[in-house]
Amino acid sequence: MAKQPMLKFVSIERDMPKKRSATERAEDFKEIYAEFAAEKAKEQASRCSQCGVPYCQSHCPLHNNIPDWLHLTAEGRLQEAYEVSQATNSFPEICGRICPQDRLCEGNCVIEQSGHETVTIGAVEKYITDTAWQEGWVQPLAPARELDKSVGIIGAGPGGLAAADRLRRAGFQVTIYDRYDRAGGLLTYGIPGFKLEKDIVMRRNQQLVDGGVTLKLNCNIGEDITFEALRAQHDAVIVATGVYKIRDLDVPGGALSGVVQALDFLATSNRENFGDDVPEFTSGALNAADKNVVVIGGGDTAMDCVRTAIRQGATSVKCMYRRDRANMPGSQREVENAEEEGVVFEWLSAPEAFVNDLKIQDVKTVAGQAGPVRGVLGHKMRLGAPDATGRRMPEVIEGSRYVEKADLVIKALGFEPEDLPHLFDQPELPVTRWGTVKAEFGSGKTALPGVYAVGDIVRGASLVVWAIKDGQDTANAIIAELQPSAAIAAE
Amino acid sequence: MTYENTTAFGPDWMKQQDQKRQWMTQNSLYREEDEHASCGVGLVVSINGKASRKVVENGIAALKAVWHRGAVDADGKTGDGAGIHVQIPVRFFYDQIRRTGHEPRQDELVAVGQVFLPRADFGAQETCRSIVESEVLRMGYYIYGWRHVPVEVSCLGEKANATRPEIEQILISNSKGVDEETFERDLYVIRRRIEKSAAASGVGQLYIASLSCRSIIYKGMMLAEQVAVFYPDLMDERFTSAFAIYHQRYSTNTFPQWWLAQPFRMLAHNGEINTLKGNVNWMKSHEIRMASTAFGETAEDIKPIVPSGSSDSAALDAVFEALVRAGRNAPMAKTMLVPETWSKQGKDLPDAWRDMYSYCNSVMEPWDGPAALAMTDGRWVCAGLDRNGLRPMRYVVTGDGLLIAGSETGMVPVDEATVREKGALGPGQLLAVDMSDGKLYHDTAIKDKLAAAQPFGSWVEKINELDAPLARVTEAPLFTGADLRQRQIAAGYSIEELEQILAPMAEDGKETLASMGDDTPSAVLSKKYRPLSHYFRQNFSQVTNPPIDSLREYRVMSLKTRFGNLKNVLDESSAQTEILVLDSPFVGNAQWEELTRHFNAPMVEIDCSFAVGSGPSALQTGLERIRAEAEDAVRSGAGHLVLSDHASNAEKIAMPMILATSAVHSHLTRKGLRTFCSLNVRSAECIDPHYFAVLIGAGATVVNAYLAEDSLNDRIERGLLNGTLTEVVSRYREAIDQGLLKIMSKMGISVISSYRGGLNFEAVGLSRAMCAEYFPGLMSRISGIGVSGVQKKAEEIHAAAWQGATGVLPMGGFYKSRKTGETHAWEAQTMHMMQTACDRASFDLWKQYSARMQSNPPIHLRDLLAVKPIGDPVPLEEVESITAIRRRFVTPGMSLGALSPEAHKTLNVAMNRIGAKSDSGEGGEDPAHFHPEPNGDNPSAKIKQVASGRFGVTAEYLNQCEELEIKVAQGAKPGEGGQLPGMKVTDLIARLRHSTKGVTLISPPPHHDIYSIEDLAQLIYDLKQINPRCKVTVKLVASSGVGTIAAGVAKAEADVILISGHNGGTGASPATSIKFAGLPWEMGLTEAHQVLAMNNLRDRITLRTDGGLRTGRDIIMAAMMGAEEFGIGTAALIAMGCIMVRQCQSNTCPVGVCTQNEELRSKFTGSADKVVNLITFYAQEVREILASIGARSLDEIIGRADLLGQVSRGAEHLDDLDLNPLLIRVDGADTVVYNRDRPRNTVPDTLDAEIVRDAARFLQDGEKMQLSYSVQNTHRTVGTRISSHIVTKFGMRNALQEDHLTIKLTGSAGQSLGAFAAPGLKLQVSGDANDYVGKGLSGGMIVVRPAMTSPLVAADNTIIGNTVLYGATDGHLFASGRAGERFGVRNSGAKAVVEGCGSNGCEYMTGGVAVILGTVGANFGAGMTGGMAYIYDPDSLAQSRMNMETLVTCPVTIVHWQEQLKSLISRHAEETGSPKAHDILRQWDVEKDHFLQVCPKEMLVHLPHPLSDEAKSIPAE
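The listed protein sequences correspond, in order, to chains E and U. Residue numbering for the first sequence follows our numbering, beginning at 1 and increasing consecutively. Residue numbering for the second sequence follows our numbering, beginning at 492 and increasing consecutively.
The set of hints was computed from the structure by calculation and includes no laboratory data. Honestly, I wouldn't trust all of these hints.
Cβ pair distances, simulated, as ranges [to be verified]:
1) E/A480 to U/D1693: 54 to 64 Å
2) E/D15 to U/A1102: 49 to 59 Å
3) E/R20 to U/R1482: 53 to 63 Å
4) E/E418 to U/R1343: 34 to 44 Å
5) U/V1365 to E/K245: 57 to 67 Å
6) U/S1679 to E/P386: 28 to 38 Å
7) E/P386 to U/G1406: 36 to 46 Å
8) U/G1128 to E/V138: 51 to 61 Å
9) E/A480 to U/P1348: 33 to 43 Å
10) U/T1656 to E/Q332: 17 to 27 Å
11) E/A480 to U/E1936: 32 to 42 Å
12) E/Q332 to U/P1348: 35 to 45 Å
13) E/G313 to U/P1348: 30 to 40 Å
Note that CB positions come from ideal geometry on N, CA and C, so glycine has one too.
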């Protein structure tokens, strides 16, 4: 027992890898956290209490064996730690970067709950796999045997990639179709580089390609190839499109120039960082430089937008959200980072209209305006009685109308499913009234034989880690269905 | 006589009882073989061998003085059996012969058979007589005739009388004129033939108590004092004898069976043979060669030597008798069967003895277990003890040439003025009288004589000790790399097992510790692959025999493993001893190769695997194949068999090696071939000590865990383990050895050769058919997985390993929860829901929690059951109140020390608020708790625990409660002790436990005052004396046979019995103990309920249960299985904030529940309200269920197992998983009245009743008084009740003078003299005293000195018995004479002076001072962590008898210590007048240099003065 280096939370305090200074990081799109030094990672991992009931694991969608790889890390056994970590998670270094750990593993960490501050699980997770890449421990996908079964995956986002990874390892022939020119989905074009540097995603893509996964990019289902053809071509098809339909804010002034959608803004920025030639950026339409920027929304996308705007050199960046800090859906950690970087949060504020002058006026009077946006007309809110879900509803405070100055307004209110039955010309594909695909829990099976669905298109907009989880589960279901004897190995 | 017909106990009753027993045996959990007996035993012998009337009279008198060591049935008259074995008084029998009309042939020896015949059935009686007669005649002897033995039935109890046999004597003459030895041997053969022939003709009730020309046995189911009343023969003046062996039985059952009374034909036994199963199995092999040598053509008649169905004592007697009949004398037979410990005995064992024992070890497995034996072979009369000395045997040699030996001193009054010697036998010792030479041999003399009788030294030269050659080899792996990985998966290894179980063993040489309970499914209910070892639950001792401390009493234990042919047990020649010997059954890979090179006979390897895809009965066929191959091999001369699964591969599936081993072992045993070969096993699956133990229990000689070793090699290669593979394996071996010793010791077995092949396990979930075929003798009560199911599981895991691609080991999750691993009942969501429910007082949330718990996959047996309603639902208002239900709840014993003070107090306050009870746990309680809090809360636990460490158990503590709980065993680690590491011993804990801050405290595995059932009765008696109001609870752990133990406990006058499930929690315990010992409470509770009901004891007892009761439904089920009260442990901790971190052992509990760290304690968020809510929710849910099934109170459903129905038979691959044995309702159970408010069961008064009366003025006015009485050994626990009065009246920290109340006693004081004696009381005995003097001494003073007239040299004679000052916290003891074994054990404050002591002196001592003015026995100071001892050691003998593990010693040179020593000796001289003390003081200047000061290492830093000037250089570790 004496030699076990764990349970050090009693004597060692929580410590995160160093963050670069806010001014420094506003200059570029590199990640803000430095890597743990090896000793630091060991030390922080050793704070784990090795619980009999690991709440971190229970609250991890992937049920990662967190205490075990922490233990291995603390003992300096990084390669084994990597193997254990990789065994349950297709992309641990990505989750380590972008998972909202404060709401999942770290938030439920037993020693966090009992007041000792959490083990820095995410940072260690990232450290482990980054090290594995560096050290060359990450092996190419090399299935023990090739199977004559093929699977087509629509969408190269985290769900699709995770499924591809699992299936390919089991020996399946896998083709991924994606409408973009790069694989990765939101990992590539949605999430800014300061949270997830793009080479991280690209090397995973490359790993799949090297392992024999076929990528068909710039391919729109329903246009470039029919869904029917796909089904005919593959033994199973996985729908992993994600949700891309913008949830819009239906207020006056939406047509003013300078009112843009979050995803357009973020994708532009990401493309620009890839070094692509992006006219919308060059033109300034989707560039925050020297502008007063207002971002509407309180989710993670909104956080990404405000921080991107800072990096593009905005004059000011404000975030308008109708509830308060405690009730926002985005990660608290991101709010902190944003504030450090100079973002101002307008809590309990809701927009009523986008306007091209700075007068405080009645909403009805702003109809029909044109030209560039100059500001956001909004209300202050307060939290009223809880609704059916127990969440307190924001209510307008009468007479609190005000105008927020803005040259660029970014709407970050979330995404909804596109109309897949229509898009795919597949009326039998069952969807819910919200437009998500109906799929069996745990396997992703839809009512169409051989058709599976995973990730946001089933769940609605959700976390990357859930998409990975779905991808893995569905891959397992397909393996069990098409190749039962291989299922044992995947366990 | 119409007597029978007028009572309820007529012949029909007997028949019914018999049927009931049989039915119970077949249908319920009760098994006849579980019954235990223990007792008082002794002998009287005339050393010169002259028969006299006095010997018989003394024997009868002694029987009258042991009544308290037996038990009485409810009728007050039926005893558990008593009897006396005496010589045949020839003159008396000649007169009887004359009355048959014959003239005795005085030139021929007369033999008498004492025969029990069926009484009611005259036809059967006749059949029996003719069987007896024809066998006598067939052997050619003359029969005078039959004599109806006169009996006086009025002294019998009704039950005893109902079962009374017709008792007759057959009188036989040696008409063949053979010599006495031959005649005796013929009579033996005749008896065995009669027994066989009776069995063959189906006459059940013929029993021959004795058939001999030398001696005769009178015994029966009367109370001890009534033996001579019942048998008027014994009162006849002509009835003389040179010896008398007597016995009083205390049995755990109450069905009177006359033949079970002792003495048996040659010996009387007090104790229990723990290795019975193994011994009997091995005898089946030994007897084949043995019988033919000694008995020639009659060999077949005497086999089996051990008749089936024999009790442990009867079996021992049978083998003893066979050895004697074959020509061994009684002392040699005892030495062979029950040898003393010799292999680690240290220097002072003579070589000749060592050779003799080494020889004995090579021919016979010891019969191991507590044993005080009184034996005779006709010429020799001996008294002897087992290797551990676990039973008392005191003796006295009188002035008129008698040796009187027995369980207690003072049983026969002797003339103190002429007495020659008073002593006590030590462990393994023997005392023998050769009646024909008229000589008394003491231990050394008799062993010298035996050892010189044969050239043992030259015989044992051929023993080949292999340890040295094996130690020289360099270990090497068998498999590495990817191959290894696949084999690991195929063997069911997980990362958890490698990291948490295997690695720590190889790093530290110790098993890993874990905490909290086991909340995973039994193997049979699990969906995961579970190795076969998981179906085996380790047996353990409780109450009827003690576990052994394998750490502190290591020297009595042995793993010596013997190979090769065990030839004829009876040969006394060197032929036997060409054998190989190893120090441990663990063999490494390279050692294995080396070992096979030393084999002195052909070796045959048998491949234990079967081909993939060879059909549904492939395993079955495979087992048949290996059995046949093994038999062939042995028959063609192989001396060594190797069973191995290492040839398994992608095409071949490994058989579970436990199954393969047992299949072969049982087959060879059946064929009588097992002793012709060794059975060596190589197993991949084998990794932890439990697996090793199961393999060895199944018959393996040695075990090579090759894959475990390969896995260690892999770790070394990855740089994770320091050292070479050879070093690592040797640490692993050390851990396995320690683990094996622990597993053996927990059931009281000290020698592995007797453990081997004994299958000392209970199976949970193995099919009965498979057990019967492949594990004969293994109990499996509920059936379960069979051979085809095992095959299916093996195929699955094989496929996972060899057909998969990834090669990643599963994570595990068996010990700690993991999502992909085994189900755990407590998981994050359920705990959170329950905590929130308790926090917010939300019953709705509780119900969600409860529903979620019930939706878990089956974890417990009860999860396969459903509740049937009694009738239509009743309105909720009609059901008894929540308040009434809550009172049935208890928070079970969790000590302050394990729990933080905050958590401990919170439980007490909460339970007191709702009129329920909390249990203090071991470790005392803050006296501040004995006063209410300012807000009115009562922080004092209503139940105070008395555990083996006796920490904080003072007279005051014992008086501050409603109930005293004797914790015999703990669910998480039954049969094991505990340890509170120094880091947890804070100021507070040190104060409460009367110890020193920062110094480790050890709880021994056994209660050193409970080695048997009558000892438990004595402790209960003591507790009922010290607290005149409290009820006494006995906490047992569910095990097979717990029912009969419960019956014994009920007869010991306990009031409550707690049956703990194996899954109960712990603060720290070896991981495998948590997992593999004990049974679910469902099995223990139902068995206890059934057996108590069967014995009409159920309504004397309140039954309580605990261990994983998580919802109201669990409570309802427990009630239906017989529980009236319910313990809530883990759930209560969770309500207070525990989140099952399972790190209690490391003092780092992050939520402050289970830690002593100040900072962590500040994180404690528990409150009494949360606990109150918790219990309320249980009660509320119970109430709702009651209403729904139509019951208005819990009482209505208690014991209604018929309301439970099995609704699931478990998984598809199982044979019938049959829970019916749990659901049996015993006849008469419906009339049991469950009244928890009944007054406690009463015990008889002690002398203290008189003392309290006489001391009225002292108690009322505090006047100083001096009272005087005469005592005898039947006056037990003197001074205890008066101490209770003193504590209540004056308090424990009172201002009384030390001799404020002086009580002078003359004679032999009974057990527990001065137990818990309080300050102000002085007990002064002139004479001697028995065991347990000053138990729990709480400040009083005890003085024991010889009678004034005694000519004895006090220092050479024993004056007080065993286990003196056990758990004493304060006070003084001065005894002018030697003390017995375990003097001062766990003393934590008393100061004592004695003039010598037996073995294990000052064991586990944590405080106080012991001065020993004479020699000490072996293993002195084992586990001593506090206090100080001084030994007068002019001959420098003491050092070699010390257990130096925790000690330092030095001469007494520092003035401070010299003064302490001198003042105690002066006090001793003054109080006892000890001549030795006076002598020493007279020459103090010289004598002070003859003392050895003994001090625990850990104490060095805490001493007020250094031990010596140099002591500073001794590092304080």
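Okay, the hints, checked on the actual structure:
Remark: the range hint 54 to 64 Å for E/A480 to U/D1693 is contradicted by a beta-carbon distance near 44 Å. Judged by the Cβ atoms, the range 49 to 59 Å given for E/D15 and U/A1102 holds: they are separated by roughly 57 Å. At roughly 55 Å, the beta carbons of E/R20 and U/R1482 sit within the given window of 53 to 63 Å. A hinted range of 34 to 44 Å holds for the C-beta pair E/E418 and U/R1343, which are about 38 Å apart.
Remark: the range hint 57 to 67 Å for U/V1365 to E/K245 is upheld by a beta-carbon distance near 58 Å. At roughly 34 Å, the beta carbons of U/S1679 and E/P386 sit within the given window of 28 to 38 Å. For the pair E/P386 and U/G1406, the supplied restraint of 36 to 46 Å holds, since their beta-carbon distance comes to about 39 Å. At about 59 Å, the beta-carbon gap between U/G1128 and E/V138 stays in the expected band of 51 to 61 Å.
Checked against the hint of 33 to 43 Å, the pair E/A480 and U/P1348 fails, with Cβ atoms roughly 20 Å apart. Between U/T1656 and E/Q332, the C-beta spacing of about 23 Å keeps the proposed range 17 to 27 Å intact. Separated by about 57 Å at the C-beta atoms, E/A480 and U/E1936 break the suggested range of 32 to 42 Å. At roughly 37 Å, the beta-carbon separation of E/Q332 and U/P1348 lies within the given 35 to 45 Å, and the hint holds.
A beta carbon spacing of about 58 Å between E/G313 and U/P1348 contradicts the range 30 to 40 Å that was offered as a hint.
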